[in-house]
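One rule links them: number in my numbering = place in the sequence shown (from 1) + 174.
Take the hints with a grain of salt, since some may be wrong.
With a straight-line Cα cutoff of 20 Å, these simulated EDC-like cross-link-like pairs (lysine to aspartate or glutamate) come out [claimed, not checked]:
1) 445 x 192
2) 448 x 465
3) 476 x 465
4) 501 x 262
5) 448 x 270
6) 439 x 468
7) 266 x 461
8) 445 x 430
9) 476 x 419
10) 501 x 430
11) 445 x 419
12) 501 x 461
13) 501 x 463
14) 190 x 262
15) 397 x 419
16) 418 x 430
17) 501 x 465
18) 448 x 438
19) 397 x 438
20) 266 x 208
21) 448 x 468
22) 445 x 417
23) 445 x 208
Now the in silico label distances, taken between C-beta atoms and shown as ranges [said to hold, decoys possible]:
24) 460 x 415: 34 to 42 Å
25) 397 x 221: 40 to 48 Å
26) 235 x 264: 39 to 47 Å
27) 211 x 441: 40 to 48 Å
28) 210 x 494: 38 to 46 Å
Since the hints were derived computationally from the structure, they do not count as laboratory data. As the structure is a prediction and not an experimental result, all values here were calculated from the model. Every residue, glycine too, gets a C-beta built ideally from N, C-alpha and C.
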Amino acid sequence: MTNLDSANSDNITLPKNEYHQCSQKMLRCAAMSDRGRRESVLTRLPSNITTRISEGNTSSVHVFNIVQSCSQFFGGIDQLVIALYEVEGDTKEWFELENYLRPFALNRQVIPTAILESSQPPLRPPEQPQGHTNTGSGPQFNIGSQQAGRDINQGNTINAQGSQGFINQPSGPITQHFGAPPTVYNAPVHINNTYNQPKGDVNLSGDTFNMTGNFQGAILNIKSTLNHTIQSIGAIPNAQPSDKEQLTALITQLNELLQQVPSDKSAEAQKVAKRADELVIEVTAKELDAEVVESKGNLLLKAAQNIGGALPAVLPVVQQIITFIGKFL
(Lines of atoms letter the chains of each structure in order from A; the text may use other names.)
(Lines give C-alpha, C1' and ligand atoms only; values in the text may rest on other atoms or scores of the structure.)
Protein backbone atom coordinates (compact mmCIF):
# COMPACT_ATOMS: atom_id res chain seq x y z
CA MET A 175 0.00 0.00 0.00
CA THR A 176 1.27 3.48 -0.83
CA ASN A 177 1.41 5.83 2.14
CA LEU A 178 2.12 9.55 1.72
CA ASP A 179 3.89 11.56 4.37
CA SER A 180 1.48 14.41 5.05
CA ALA A 181 4.41 16.60 6.07
CA ASN A 182 5.89 16.33 2.58
CA SER A 183 2.88 16.48 0.28
CA ASP A 184 -0.21 18.50 -0.47
CA ASN A 185 -3.38 17.26 -2.10
CA ILE A 186 -4.03 17.53 -5.82
CA THR A 187 -7.21 19.59 -5.66
CA LEU A 188 -9.43 18.25 -8.44
CA PRO A 189 -12.67 20.22 -9.04
CA LYS A 190 -15.86 18.21 -9.41
CA ASN A 191 -16.29 19.34 -13.01
CA GLU A 192 -12.96 17.64 -13.83
CA TYR A 193 -13.90 14.19 -12.50
CA HIS A 194 -15.19 12.99 -15.89
CA GLN A 195 -12.18 14.20 -17.85
CA CYS A 196 -9.76 12.78 -15.29
CA SER A 197 -11.49 9.38 -15.38
CA GLN A 198 -11.42 9.38 -19.20
CA LYS A 199 -7.67 10.00 -19.18
CA MET A 200 -7.18 7.24 -16.61
CA LEU A 201 -9.18 4.84 -18.79
CA ARG A 202 -6.58 5.27 -21.53
CA CYS A 203 -4.07 3.62 -19.23
CA ALA A 204 -4.11 -0.17 -19.56
CA ALA A 205 -3.97 -0.47 -15.77
CA MET A 206 -7.37 1.20 -15.48
CA SER A 207 -9.13 -0.06 -18.61
CA ASP A 208 -8.41 -3.70 -17.70
CA ARG A 209 -10.50 -4.89 -14.75
CA GLY A 210 -7.86 -7.24 -13.33
CA ARG A 211 -5.13 -4.61 -13.40
CA ARG A 212 -7.54 -2.02 -12.05
CA GLU A 213 -8.08 -4.21 -9.01
CA SER A 214 -4.29 -4.30 -8.59
CA VAL A 215 -4.29 -0.50 -8.48
CA LEU A 216 -7.06 -0.48 -5.88
CA THR A 217 -5.15 -2.83 -3.56
CA ARG A 218 -2.50 -0.12 -3.29
CA LEU A 219 -4.98 2.46 -1.97
CA PRO A 220 -5.89 2.88 1.71
CA SER A 221 -9.04 1.15 2.91
CA ASN A 222 -10.74 4.42 3.90
CA ILE A 223 -10.85 5.23 0.17
CA THR A 224 -11.58 1.80 -1.31
CA THR A 225 -14.51 1.13 1.02
CA ARG A 226 -16.32 4.12 -0.50
CA ILE A 227 -15.89 3.01 -4.12
CA SER A 228 -18.85 1.34 -5.84
CA GLU A 229 -17.90 -0.73 -8.88
CA GLY A 230 -20.68 0.25 -11.29
CA ASN A 231 -21.76 -1.69 -14.37
CA THR A 232 -19.09 -0.38 -16.77
CA SER A 233 -15.38 0.43 -16.65
CA SER A 234 -16.16 4.12 -17.20
CA VAL A 235 -18.52 4.28 -14.22
CA HIS A 236 -16.11 2.32 -12.00
CA VAL A 237 -13.15 4.60 -12.80
CA PHE A 238 -15.31 7.70 -12.32
CA ASN A 239 -16.31 6.39 -8.87
CA ILE A 240 -12.64 5.79 -8.06
CA VAL A 241 -11.70 9.36 -9.01
CA GLN A 242 -14.66 10.76 -7.07
CA SER A 243 -13.82 8.81 -3.91
CA CYS A 244 -10.10 9.64 -4.02
CA SER A 245 -10.88 13.35 -4.49
CA GLN A 246 -12.71 13.43 -1.16
CA PHE A 247 -9.58 12.59 0.86
CA PHE A 248 -6.45 14.59 1.56
CA GLY A 249 -3.78 13.20 -0.74
CA GLY A 250 -6.28 10.81 -2.34
CA ILE A 251 -5.60 11.71 -5.98
CA ASP A 252 -1.86 11.76 -5.23
CA GLN A 253 -2.06 8.21 -3.92
CA LEU A 254 -4.13 7.10 -6.90
CA VAL A 255 -1.58 8.54 -9.34
CA ILE A 256 1.29 6.78 -7.59
CA ALA A 257 -0.61 3.48 -7.35
CA LEU A 258 -1.46 3.74 -11.04
CA TYR A 259 2.19 4.35 -11.91
CA GLU A 260 3.26 1.28 -9.93
CA VAL A 261 0.97 -0.90 -12.06
CA GLU A 262 1.06 1.02 -15.37
CA GLY A 263 4.69 2.08 -15.55
CA ASP A 264 6.01 5.03 -17.55
CA THR A 265 3.67 4.71 -20.53
CA LYS A 266 2.65 7.53 -22.84
CA GLU A 267 -0.87 7.42 -21.39
CA TRP A 268 0.44 7.79 -17.84
CA PHE A 269 2.52 10.84 -18.76
CA GLU A 270 -0.51 12.41 -20.46
CA LEU A 271 -2.41 11.96 -17.19
CA GLU A 272 0.47 13.48 -15.22
CA ASN A 273 0.58 16.51 -17.55
CA TYR A 274 -3.19 16.96 -17.22
CA LEU A 275 -3.02 16.93 -13.39
CA ARG A 276 -0.17 19.46 -13.11
CA PRO A 277 -2.36 22.58 -12.92
CA PHE A 278 -4.31 21.06 -10.03
CA ALA A 279 -1.21 20.27 -7.94
CA LEU A 280 -0.22 22.46 -5.02
CA ASN A 281 3.09 22.87 -3.26
CA ARG A 282 5.26 19.77 -3.38
CA GLN A 283 6.26 16.75 -5.41
CA VAL A 284 4.87 13.36 -4.42
CA ILE A 285 5.38 11.52 -7.70
CA PRO A 286 8.17 8.87 -7.67
CA THR A 287 11.73 10.07 -8.36
CA ALA A 288 11.98 7.80 -11.40
CA ILE A 289 9.34 9.89 -13.14
CA LEU A 290 10.96 13.20 -12.26
CA GLU A 291 14.17 12.15 -13.97
CA SER A 292 12.38 11.77 -17.30
CA SER A 293 9.57 14.33 -17.01
CA GLN A 294 10.39 18.04 -16.86
CA PRO A 295 9.12 20.21 -15.33
CA PRO A 296 7.96 18.05 -12.39
CA LEU A 297 4.35 17.85 -11.31
CA ARG A 298 5.27 19.60 -8.07
CA PRO A 299 8.35 21.65 -7.16
CA PRO A 300 10.68 20.05 -4.59
CA GLU A 301 11.09 21.63 -1.18
CA GLN A 302 13.47 24.59 -1.12
CA PRO A 303 16.67 23.85 0.88
CA GLN A 304 18.53 26.42 2.92
CA GLY A 305 21.88 27.82 1.85
CA HIS A 306 23.22 30.17 -0.81
CA THR A 307 25.45 30.04 -3.86
CA ASN A 308 27.78 33.05 -4.22
CA THR A 309 29.57 33.57 -7.52
CA GLY A 310 32.98 35.16 -7.83
CA SER A 311 35.50 34.66 -10.59
CA GLY A 312 36.87 31.46 -12.03
CA PRO A 313 35.87 28.50 -14.21
CA GLN A 314 32.48 26.89 -14.60
CA PHE A 315 31.24 25.04 -11.51
CA ASN A 316 28.44 22.47 -11.69
CA ILE A 317 26.33 22.57 -8.51
CA GLY A 318 23.55 20.28 -9.75
CA SER A 319 24.81 17.33 -7.70
CA GLN A 320 25.89 19.23 -4.58
CA GLN A 321 24.26 18.57 -1.24
CA ALA A 322 21.37 20.93 -0.42
CA GLY A 323 21.56 23.20 2.61
CA ARG A 324 25.16 24.39 2.21
CA ASP A 325 26.84 27.51 0.80
CA ILE A 326 28.93 27.25 -2.37
CA ASN A 327 31.35 30.01 -3.45
CA GLN A 328 32.86 29.29 -6.84
CA GLY A 329 33.29 30.57 -10.38
CA ASN A 330 31.64 33.09 -12.65
CA THR A 331 29.69 30.55 -14.70
CA ILE A 332 27.28 28.25 -12.91
CA ASN A 333 25.45 25.24 -14.29
CA ALA A 334 22.71 24.93 -11.67
CA GLN A 335 20.46 22.52 -13.56
CA GLY A 336 18.86 20.15 -11.06
CA SER A 337 19.88 22.31 -8.08
CA GLN A 338 17.64 24.09 -5.59
CA GLY A 339 17.95 27.18 -3.43
CA PHE A 340 19.14 30.77 -3.82
CA ILE A 341 21.90 31.94 -6.19
CA ASN A 342 23.53 35.27 -5.27
CA GLN A 343 25.54 37.16 -7.90
CA PRO A 344 27.00 40.42 -6.43
CA SER A 345 27.19 42.12 -9.83
CA GLY A 346 25.77 41.38 -13.26
CA PRO A 347 22.88 39.14 -14.30
CA ILE A 348 22.63 35.37 -14.06
CA THR A 349 21.11 33.64 -17.08
CA GLN A 350 20.12 29.98 -16.99
CA HIS A 351 19.05 28.01 -20.09
CA PHE A 352 17.65 24.56 -19.30
CA GLY A 353 15.50 23.97 -22.39
CA ALA A 354 11.96 23.67 -21.02
CA PRO A 355 10.34 26.81 -19.52
CA PRO A 356 11.06 26.96 -15.75
CA THR A 357 8.53 26.90 -12.95
CA VAL A 358 9.43 29.56 -10.37
CA TYR A 359 7.94 29.92 -6.88
CA ASN A 360 8.23 32.98 -4.61
CA ALA A 361 11.14 34.59 -6.44
CA PRO A 362 11.75 37.46 -8.88
CA VAL A 363 11.91 36.23 -12.46
CA HIS A 364 12.77 37.64 -15.89
CA ILE A 365 10.69 35.84 -18.51
CA ASN A 366 11.74 35.65 -22.17
CA ASN A 367 9.53 32.68 -22.99
CA THR A 368 6.04 31.46 -22.05
CA TYR A 369 4.63 32.19 -18.59
CA ASN A 370 1.98 29.82 -17.27
CA GLN A 371 -0.03 30.71 -14.15
CA PRO A 372 -2.60 27.91 -13.61
CA LYS A 373 -4.02 29.45 -10.41
CA GLY A 374 -3.34 32.14 -7.83
CA ASP A 375 -2.36 35.81 -8.07
CA VAL A 376 0.42 37.45 -10.08
CA ASN A 377 1.93 40.55 -8.43
CA LEU A 378 4.08 42.88 -10.56
CA SER A 379 6.06 45.82 -9.15
CA GLY A 380 8.51 48.30 -10.61
CA ASP A 381 8.62 51.35 -12.85
CA THR A 382 8.64 49.88 -16.37
CA PHE A 383 6.90 46.86 -17.92
CA ASN A 384 7.59 45.94 -21.54
CA MET A 385 5.12 43.29 -22.71
CA THR A 386 4.27 42.00 -26.18
CA GLY A 387 1.39 39.84 -27.34
CA ASN A 388 -2.23 39.61 -26.28
CA PHE A 389 -2.55 39.21 -22.51
CA GLN A 390 -6.35 39.41 -22.36
CA GLY A 391 -7.48 36.65 -20.02
CA ALA A 392 -10.08 35.22 -22.39
CA ILE A 393 -7.60 35.05 -25.29
CA LEU A 394 -5.04 33.24 -23.14
CA ASN A 395 -7.68 30.77 -21.95
CA ILE A 396 -8.87 30.07 -25.50
CA LYS A 397 -5.34 29.52 -26.79
CA SER A 398 -4.48 27.26 -23.86
CA THR A 399 -7.65 25.19 -24.27
CA LEU A 400 -7.30 24.69 -28.03
CA ASN A 401 -3.57 23.99 -27.78
CA HIS A 402 -4.57 21.15 -25.45
CA THR A 403 -7.16 20.08 -28.04
CA ILE A 404 -4.48 19.90 -30.74
CA GLN A 405 -2.30 17.75 -28.47
CA SER A 406 -5.26 15.44 -27.82
CA ILE A 407 -5.79 14.87 -31.56
CA GLY A 408 -2.64 12.78 -31.62
CA ALA A 409 -4.28 10.30 -29.22
CA ILE A 410 -7.31 9.53 -31.44
CA PRO A 411 -6.88 5.75 -31.84
CA ASN A 412 -8.54 5.08 -35.21
CA ALA A 413 -7.48 8.21 -37.13
CA GLN A 414 -5.05 8.23 -40.04
CA PRO A 415 -2.17 10.76 -39.95
CA SER A 416 -3.84 12.73 -42.75
CA ASP A 417 -7.08 12.86 -40.73
CA LYS A 418 -5.21 14.18 -37.70
CA GLU A 419 -3.54 16.85 -39.85
CA GLN A 420 -6.88 18.03 -41.26
CA LEU A 421 -8.53 18.11 -37.85
CA THR A 422 -5.54 19.99 -36.43
CA ALA A 423 -5.87 22.55 -39.24
CA LEU A 424 -9.57 23.05 -38.43
CA ILE A 425 -8.90 23.51 -34.70
CA THR A 426 -6.08 25.95 -35.53
CA GLN A 427 -8.47 27.91 -37.75
CA LEU A 428 -11.05 27.97 -34.94
CA ASN A 429 -8.37 29.19 -32.54
CA GLU A 430 -7.44 32.07 -34.85
CA LEU A 431 -11.07 33.10 -35.29
CA LEU A 432 -11.80 33.08 -31.57
CA GLN A 433 -8.84 35.42 -30.95
CA GLN A 434 -10.95 38.13 -32.65
CA VAL A 435 -13.77 37.90 -30.10
CA PRO A 436 -15.20 41.21 -28.80
CA SER A 437 -14.71 41.66 -25.06
CA ASP A 438 -18.44 41.39 -24.37
CA LYS A 439 -18.52 37.92 -25.99
CA SER A 440 -15.38 36.53 -24.38
CA ALA A 441 -17.29 34.10 -22.14
CA GLU A 442 -19.16 32.65 -25.14
CA ALA A 443 -15.90 32.29 -27.10
CA GLN A 444 -14.27 30.45 -24.21
CA LYS A 445 -17.25 28.09 -24.11
CA VAL A 446 -16.78 27.30 -27.82
CA ALA A 447 -13.13 26.41 -27.15
CA LYS A 448 -14.10 24.29 -24.13
CA ARG A 449 -16.80 22.41 -26.06
CA ALA A 450 -14.42 21.72 -28.95
CA ASP A 451 -11.84 20.36 -26.51
CA GLU A 452 -14.42 18.11 -24.82
CA LEU A 453 -15.57 16.75 -28.20
CA VAL A 454 -12.06 15.85 -29.33
CA ILE A 455 -11.22 14.28 -25.96
CA GLU A 456 -14.32 12.10 -26.24
CA VAL A 457 -13.12 10.50 -29.50
CA THR A 458 -9.73 9.65 -27.98
CA ALA A 459 -11.36 6.98 -25.79
CA LYS A 460 -10.59 3.36 -26.66
CA GLU A 461 -14.30 2.54 -26.56
CA LEU A 462 -16.27 5.26 -28.34
CA ASP A 463 -19.80 6.05 -27.23
CA ALA A 464 -21.59 7.45 -30.30
CA GLU A 465 -24.38 9.00 -28.22
CA VAL A 466 -21.94 10.87 -26.01
CA VAL A 467 -19.94 12.07 -29.02
CA GLU A 468 -23.14 13.28 -30.70
CA SER A 469 -24.17 15.07 -27.50
CA LYS A 470 -20.78 16.79 -27.25
CA GLY A 471 -21.08 17.82 -30.90
CA ASN A 472 -24.51 19.36 -30.29
CA LEU A 473 -23.16 21.33 -27.32
CA LEU A 474 -20.32 22.66 -29.48
CA LEU A 475 -22.76 23.62 -32.25
CA LYS A 476 -25.01 25.45 -29.78
CA ALA A 477 -22.03 27.35 -28.34
CA ALA A 478 -20.97 28.39 -31.86
CA GLN A 479 -24.50 29.56 -32.68
CA ASN A 480 -24.53 31.73 -29.56
CA ILE A 481 -21.49 33.62 -30.80
CA GLY A 482 -22.51 33.66 -34.47
CA GLY A 483 -23.63 37.29 -34.41
CA ALA A 484 -20.23 38.52 -33.23
CA LEU A 485 -18.07 36.00 -35.13
CA PRO A 486 -20.12 34.60 -38.04
CA ALA A 487 -17.12 32.74 -39.50
CA VAL A 488 -16.95 30.48 -36.43
CA LEU A 489 -20.12 28.49 -37.16
CA PRO A 490 -19.02 27.02 -40.56
CA VAL A 491 -15.68 25.93 -39.08
CA VAL A 492 -17.42 24.29 -36.10
CA GLN A 493 -19.79 22.46 -38.45
CA GLN A 494 -16.78 21.13 -40.39
CA ILE A 495 -15.16 19.95 -37.14
CA ILE A 496 -18.32 18.11 -36.05
CA THR A 497 -18.74 16.49 -39.48
CA PHE A 498 -15.09 15.49 -39.61
CA ILE A 499 -15.15 13.89 -36.16
CA GLY A 500 -18.18 11.86 -37.26
CA LYS A 501 -15.75 9.90 -39.48
CA PHE A 502 -14.23 8.30 -36.38
CA LEU A 503 -17.46 6.71 -35.15
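Verification of the hints:
1. 445 x 192: Holds - the C-alpha atoms of residue 192 and residue 445 are around 15 Å apart, at most 20 Å.
2. 448 x 465: Holds. Residue 448 to residue 465 sits at ~19 Å (cutoff 20 Å).
3. 476 x 465: holds, 17 Å
4. 501 x 262: violated, 31 Å
5. 448 x 270: Judged against 20 Å, a Cα distance of about 18 Å means the pair holds.
6. 439 x 468: violated, 26 Å
7. 266 x 461: holds, 18 Å
8. 445 x 430: holds, 15 Å
9. 476 x 419: Roughly 25 Å separates the two Cα atoms, so the pair is violated.
10. 501 x 430: violated, 24 Å
11. 445 x 419: violated, 24 Å
12. 501 x 461: holds, 15 Å
13. 501 x 463: holds, 13 Å
14. 190 x 262: violated, 25 Å
15. 397 x 419: Satisfied, since the Cα-Cα distance of roughly 18 Å is no more than 20 Å.
16. 418 x 430: holds, 18 Å
17. 501 x 465: Judged against 20 Å, a Cα distance of about 14 Å means the pair holds.
18. 448 x 438: Answer holds: residue 448 to residue 438 is near 18 Å, not above 20 Å.
19. 397 x 438: Between residue 397 and residue 438 the Cα gap is close to 18 Å, so the pair holds against 20 Å.
20. 266 x 208: holds, 17 Å
21. 448 x 468: holds, 16 Å
22. 445 x 417: At roughly 25 Å apart (the allowed maximum being 20 Å), residue 417 and residue 445 break the hint.
23. 445 x 208: violated, 34 Å
24. 460 x 415: 34 to 42 Å: Violated - the Cβ-Cβ distance for residue 460 and residue 415, about 19 Å, lies outside 34 to 42 Å.
25. 397 x 221: 40 to 48 Å: holds, 44 Å
26. 235 x 264: 39 to 47 Å: Roughly 28 Å apart at Cβ, these two residues miss the hinted range, so it is violated.
27. 211 x 441: 40 to 48 Å: holds, 41 Å
28. 210 x 494: 38 to 46 Å: Holds - the Cβ-Cβ distance for residue 210 and residue 494, about 42 Å, lies within 38 to 46 Å.
The structure fails to meet hints 4, 6, 9, 10, 11, 14, 22, 23, 24 and 26 from the earlier list, while all remaining hints are met.
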